[in-house]
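Number of protein chains: 2
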Amino acid sequence: MKSITIIGAGLVGSLVAVYLAKRGYQVSVFERRPDMRTQRISAGRSINLALSDRGWKGIEGAGIKEDIAKVAIPMKGRIMHSVDGKQTFQQYGTDKQAIYSVSRGGINMALMDCAERYENIQFKFNQRCIDMNIETATAIFQDNETGEQSTVHSDCIIGADGAYSVVRGVLQMTDRFNYSQNYIEHGYKELTIPPINGGDFAMEKNALHIWPRSSYMLIALPNMDGSFTCTLFFPFEGNPSFASLRTDEDILNFFREHFPDAVEMMPTLLQDYKNNPTSSLITVRCFPWSYKDKVLLIGDAAHGIVPFFGQGMNCGFEDCSVLDELLNKYEDNEWESLFEEFETLRKPNSDAIAQLALENFVEMRDKVADKEFLLRKKIEAIAQEVQPKRFRSRYSMVSFSHIPYSESMKIAEEQDKYIDVIIRMPNINDMIGSEELRTQIAEALANLPERFGDYSSPV
Amino acid sequence: MKSITIIGAGLVGSLVAVYLAKRGYQVSVFERRPDMRTQRISAGRSINLALSDRGWKGIEGAGIKEDIAKVAIPMKGRIMHSVDGKQTFQQYGTDKQAIYSVSRGGINMALMDCAERYENIQFKFNQRCIDMNIETATAIFQDNETGEQSTVHSDCIIGADGAYSVVRGVLQMTDRFNYSQNYIEHGYKELTIPPINGGDFAMEKNALHIWPRSSYMLIALPNMDGSFTCTLFFPFEGNPSFASLRTDEDILNFFREHFPDAVEMMPTLLQDYKNNPTSSLITVRCFPWSYKDKVLLIGDAAHGIVPFFGQGMNCGFEDCSVLDELLNKYEDNEWESLFEEFETLRKPNSDAIAQLALENFVEMRDKVADKEFLLRKKIEAIAQEVQPKRFRSRYSMVSFSHIPYSESMKIAEEQDKYIDVIIRMPNINDMIGSEELRTQIAEALANLPERFGDYSSPV
Numbered sequence: 000m001k002s003i004t005i006i007g008a009g010l011v012g013s014l015v016a017v018y019l020a021k022r023g024y025q026v027s028v029f030e031r032r033p034d035m036r037t038q039r040i041s042a043g044r045s046i047n048l049a050l051s052d053r054g055w056k057g058i059e060g061a062g063i064k065e066d067i068a069k070v071a072i073p074m075k076g077r078i079m080h081s082v083d084g085k086q087t088f089q090q091y092g093t094d095k096q097a098i099y100s101v102s103r104g105g106i107n108m109a110l111m112d113c114a115e116r117y118e119n120i121q122f123k124f125n126q127r128c129i130d131m132n133i134e135t136a137t138a139i140f141q142d143n144e145t146g147e148q149s150t151v152h153s154d155c156i157i158g159a160d161g162a163y164s165v166v167r168g169v170l171q172m173t174d175r176f177n178y179s180q181n182y183i184e185h186g187y188k189e190l191t192i193p194p195i196n197g198g199d200f201a202m203e204k205n206a207l208h209i210w211p212r213s214s215y216m217l218i219a220l221p222n223m224d225g226s227f228t229c230t231l232f233f234p235f236e237g238n239p240s241f242a243s244l245r246t247d248e249d250i251l252n253f254f255r256e257h258f259p260d261a262v263e264m265m266p267t268l269l270q271d272y273k274n275n276p277t278s279s280l281i282t283v284r285c286f287p288w289s290y291k292d293k294v295l296l297i298g299d300a301a302h303g304i305v306p307f308f309g310q311g312m313n314c315g316f317e318d319c320s321v322l323d324e325l326l327n328k329y330e331d332n333e334w335e336s337l338f339e340e341f342e343t344l345r346k347p348n349s350d351a352i353a354q355l356a357l358e359n360f361v362e363m364r365d366k367v368a369d370k371e372f373l374l375r376k377k378i379e380a381i382a383q384e385v386q387p388k389r390f391r392s393r394y395s396m397v398s399f400s401h402i403p404y405s406e407s408m409k410i411a412e413e414q415d416k417y418i419d420v421i422i423r424m425p426n427i428n429d430m431i432g433s434e435e436l437r438t439q440i441a442e443a444l445a446n447l448p449e450r451f452g453d454y455s456s457p458v
Numbered sequence: 000m001k002s003i004t005i006i007g008a009g010l011v012g013s014l015v016a017v018y019l020a021k022r023g024y025q026v027s028v029f030e031r032r033p034d035m036r037t038q039r040i041s042a043g044r045s046i047n048l049a050l051s052d053r054g055w056k057g058i059e060g061a062g063i064k065e066d067i068a069k070v071a072i073p074m075k076g077r078i079m080h081s082v083d084g085k086q087t088f089q090q091y092g093t094d095k096q097a098i099y100s101v102s103r104g105g106i107n108m109a110l111m112d113c114a115e116r117y118e119n120i121q122f123k124f125n126q127r128c129i130d131m132n133i134e135t136a137t138a139i140f141q142d143n144e145t146g147e148q149s150t151v152h153s154d155c156i157i158g159a160d161g162a163y164s165v166v167r168g169v170l171q172m173t174d175r176f177n178y179s180q181n182y183i184e185h186g187y188k189e190l191t192i193p194p195i196n197g198g199d200f201a202m203e204k205n206a207l208h209i210w211p212r213s214s215y216m217l218i219a220l221p222n223m224d225g226s227f228t229c230t231l232f233f234p235f236e237g238n239p240s241f242a243s244l245r246t247d248e249d250i251l252n253f254f255r256e257h258f259p260d261a262v263e264m265m266p267t268l269l270q271d272y273k274n275n276p277t278s279s280l281i282t283v284r285c286f287p288w289s290y291k292d293k294v295l296l297i298g299d300a301a302h303g304i305v306p307f308f309g310q311g312m313n314c315g316f317e318d319c320s321v322l323d324e325l326l327n328k329y330e331d332n333e334w335e336s337l338f339e340e341f342e343t344l345r346k347p348n349s350d351a352i353a354q355l356a357l358e359n360f361v362e363m364r365d366k367v368a369d370k371e372f373l374l375r376k377k378i379e380a381i382a383q384e385v386q387p388k389r390f391r392s393r394y395s396m397v398s399f400s401h402i403p404y405s406e407s408m409k410i411a412e413e414q415d416k417y418i419d420v421i422i423r424m425p426n427i428n429d430m431i432g433s434e435e436l437r438t439q440i441a442e443a444l445a446n447l448p449e450r451f452g453d454y455s456s457p458v
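Just so you know, the protein sequences line up as chains Z and B, in that order.
Numbering of the first sequence is given in numbering that gives the first Met the number 0, commencing with residue 0 and proceeding in unit increments.
Numbering of the second sequence is given in numbering that gives the first Met the number 0, commencing with residue 0 and proceeding in unit increments.
Here chain Z stands alone, though its shape is the one from the complex (with noise of 0.2 angstroms):
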């Protein structure tokens, strides 16, 4: 059997592992960091995701789905919050629908608890990968603590050491590798609401709330211990800006103009602002993922996105999926067509989550607090339901099936024609909740094809 190297033992890297360690293969995951299960370490980002569908996909196959859900929150659609504290639901898919909230660190431990069920892998930390081999499958280590260097080798290295990834830095001084990496103009900073009356929610517990401004944004997820972790998504430059916000008086005047509410529930905003670091956004397009039989790329290290879909783990997470399916199909002396099946299969999607992740972004600060944008969402959940296997929104394709996100994105704009048909009709403001809409509409989309099962059902 094949021995692996897997470089990174975050989410991807730890959940890959497993994969491939229940196939027999022998599994050595090198992590540059130490053990988050012994030491306590902050890595700088989101402390809390949302799972849905394709994550939870990814997790099942690895056993601990129990595990995961026991500490995972439903958020059934969003709370918009205006300026002046009136807030606004809008769910995301059916009554049975929710994507969750979970603790980035609780499914990390829980992956490594159960890759190390598993005698044929073993966890190295502390290892940062300084050089690499990619005809050998060589990679070379330096201890952090130690200062040792280790030489590894193995049939196979496997990157999964995110947006900044090591392994892809090797691959792009080949020729004829394609990379971008591209900032977004805003950046983020976390903040926390904590519990109330020692230990309930300060709000709403099973949604995700959103305070959007125009060309910035707050948005706060539950936790398990009743506080919310929120995040700031705010231009570095310009007016207001974290450039424009100097002194703790312009912070809490700006807080207390924008979101009031906000600060009301927020006793340690200023020591939180100036504390918590101020962390950029990126995303990290490349191909190909892969040289030869001998390396490949995964999860962020091949497709880094920004947040805003809440799809940058659930999309490493399908990674792992598909590539499990393309084992079945493929023998051990054939991983070359294996790696290059995968990254044929996998590009298209990542580079359509990366599209939508970034048009999520405008959708969430901006067009959530819109009136035709809340009518089209309304519309959309009347099609939703009285053609179900002809239509699908966006949002839900995304999270709530694994319909393959390049063609999500293909359907989504399809199915965008005839929305914006249905929209310009007149009275549409009055005839909504009516039964003579419900009809029309039902007939408007008659013409689109039957792809989906039924609304309750999987895709």
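Just to be clear, a hint being listed does not mean it is correct.
Copies of the same chain look alike in the list, so a pair counts if it works inside one copy or between any two.
Cross-link-like lysine to aspartate or glutamate pairs, in silico, DMTMM-like; alpha carbons within 20 angstroms at most [said to hold, decoys possible]:
no. : residue 1 : residue 2
1   : Lys-188   : Asp-174
2   : Lys-56    : Glu-371
3   : Lys-346   : Glu-184
FYI, nobody ran anything at the bench for these hints, they're computed from the structure.
The structure presented is a predicted model; accordingly, all values stated were derived computationally and were not measured.
Chain Z is fixed; fit chain B onto it per the hints.
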């Protein structure tokens, strides 16, 4: 006065050294390769280039225009070679306009000689930059011959080290640095047509020869010794491609079938094809191009483009002219602002020429063999004659003007719409050459603004 470290003694590095030395700065130029004036080296890059107006301006600033003019061969237009040996001439501009075939090594050596006349410039060869501290503008070099390392402190580092820039690689590690490298599906290989009869050109000397074959092409540029340097632009994969021509027979059969008239002139075809490397073609885009007042990227290091508009060197030399103008505007303690204005001015223009260069590949390899395209070019030539102040072809603006590339692109797109109308006139083919058509074109274009000077004068 500031001390400045320039990394790269190529075309742009040598020219910018001259501009800076003229102003009295202490300039050190570090070059990875040996001195090409004392040691014959093959850089593996195109050995001749097409110099056009923007390049001449840069050269003029260095005071070596006369030296280069002596060894530059004017090419007044394209000569297209069809498979049956038919040749079609298409003039680039007016009778007085031409682009010039020059030797890369010739210009580079002339620029270095010119630079060395300044006491405040020193060149250091065989010095590979291996590390850099951008905060302090400190660079570390390793001598390729002795292995010795040296640390160089100066006030500012200019990265003129080409499309695979080490300086850019260091900037790429900083936060929020946008970067992309994209390879096209084609590579290139140099071949040669030697002089005949002991020194005569085997084809028309004052033209750029093209064998357009739709998905690939062969071109030839004249050299001073009577030879032509040919370049085959050819897909890496597929059929036909570099990958598909495996045996001597494959190669010869392919050339005999598709370039029969060229084969006649290429006695060393097989050796050239097998001995010369196959090189890839990259577009590099990044932003920003500077770090505070400490580091600036220039030329290919900031914007590597494909060669199909013959503008790589010309664009790099225009960088030098623009930088020189900005040096008039800013004081020595304002270089952070200078660099910001430079990159803000140049970025849209380098993006535009990168795009135009990619598009021109399709024009050269495919469209020039197309009847409608040739008709279009004829209409454009008439338009330029009858409305010289209102119409200038895309090629003319790029090659024979100093109108910023991005503006040239916009103007050309606006003009295209007018030509689209004219070309759809009934009997347009019969009318070419008629006075009536000239009048109609003049009228049709009368709504375009008067943007240009007289046709014969520089823009």
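Status of each hint after checking the structure:
1. Lys-188 / Asp-174: between (38 angstroms within a copy, 15 angstroms between copies)
2. Lys-56 / Glu-371: For Lys-56 and Glu-371, neither the intra-copy (35 angstroms) nor the inter-copy (55 angstroms) Cα distance is at most 20 angstroms.
3. Lys-346 / Glu-184: between (25 angstroms within a copy, 17 angstroms between copies)
Hint check: a violation occurs at hint 2 only; the rest are consistent with the structure.
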